Structure formats: C-alpha cells, structure tokens
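Peer 1: Sequence:
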Amino acid sequence: MSNAPVQPRPLPWIVAGDLNGFFGLVVDNLSILGFIAAALVGIFQFPAEVVFGRMFPGTALGVLVGNLVYTVMARRLALRSGRDDVTAMPLGLDAPTSIGMALLVLGPAYAGFTGQGMATDAAAMATWQLGMASLVVMGVLKLVLSFAGDWVTRVLPRAALLGSIGG
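Everything in the sequence shown is counted per the numbering used here, starting at 7 for the first residue and increasing by one.
Derived CB-CB ranges, DEER-like:
| hint | residue 1 | residue 2 | range |
| --- | --- | --- | --- |
| 1 | 166 | 64 | 32 to 38 Å |
| 2 | 72 | 51 | 27 to 33 Å |
| 3 | 44 | 88 | 46 to 52 Å |
| 4 | 168 | 15 | 31 to 37 Å |
| 5 | 125 | 72 | 30 to 36 Å |
| 6 | 78 | 128 | 38 to 44 Å |
| 7 | 63 | 132 | 16 to 22 Å |
In short, the hints are calculated from the structure, not lab data.
For clarity, every value in this text was computed on a predicted model and none was experimentally measured.
Note that beta-carbon positions come from the ideal geometry of N, C-alpha and C, so glycine has one too.
Take the sequences, apply the hints, and build the full model.
Peer 2: Right, dumping it as structure tokens:
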C-alpha cells in the first residue's frame with residue numbers, strides 16, 4: 007500500500023443533465039419574458055422599445071451574471087470539500103413575482119402616468135424607473151428577512167415550506 011497522496015480527479019465543467027437543465031431554465035425564462043412582453047405591450051400599450059431595449063437586456067444580463075456567480079461558488083465548494091457532486095443553484099426569473107410586477111405594478115403605473123397626461127416616452131421611462139426602484143426595495147427586504155430564515159424553518163412545518171415549490 008502506498009502512502010502517496012491521492013490525486014483528486016479534475017472537476018468537469020459539463021456533466022450529463024447540464025444541457026437538459028440549461029434548456030429547461032432558458033425555456034422557463036423565455037416564457038416568463040414572453041408573458042411580460044405580451045402583458046405590457048399588448049394589454050397596457052407599453053412601448054415595445056422600452057420592454058425590448060431596456061427591460062429585457064437588463065434582465066438577461068442579471069440572470070447571466072447571477073448564474074456565473076453561482077457556478078463559481080459551486081466550483082469553489084466542490085474544490086474545498088473534495089466532492090464532485092456539487093451543483094450550482096439555477097438562477098432565473100421568479101414567475102409569480104415577474105407576472106405580478108407586470109400586471110399589478112408596471113402596467114397600472116404606466117396607465118396612471120399616461121392617464122395624467124404624461125407623454126408616452128416619459129411615462130414609459132418613469133414606469134421603468136419605478137420598476138427598478140421596486141426591485142431594489144424587494145432585494146433589500148429579502149436581504150433583511152433572510153436572517154429570519156433559520157427561525158422560519160424551525161417554526162413552520164416542512165409541508166408549509168415545500169408548498170411554494172409544489173404549486
């Protein structure tokens with residue numbers, strides 16, 4: 007028996023199932039973006055230039071950067087722990103929040119701005135800025151409330167915690 011240290015296997019960048027997971031995430035995100043575009047442009051007459059020129063590129067960049075950060079975090083954990091079964095948490099659009107923002111915040115805000123006589127382009131930019139501010143507030147709330155996560159998992163039954171992913 008040799009006392010030589012065991013040489014760790016190099017971590018693969020792509021494994022079986024990654025392509026399936028990638029396309030699943032892409033199709034999910036595209037379907038949500040499609041609904042947002044249909045709701046804002048079709049229902050609320052929101053300018054398509056703002057939806058496709060500002061909202062969607064920023065969303066795509068955010069999802070890309072978030073997934074890259076999660077990938078780096080997963081690889082670092084795999085290297086640190088010596089495990090080769092670590093995976094990155096997929097980051098994408100949250101359907102209930104995205105749909106709610108389109109139908110209950112952005113669309114009505116745009117309708118309100120234009121209803122008050124604001125020019126279409128100015129109303130669209132004000133709505134976009136309102137959406138950005140809403141996302142910052144939601145992010146701060148999630149950050150602050152994340153510290154209560156352990157308490158919530160102790161207090162609520164497991165079934166209550168799994169209900170949100172069960173639909």
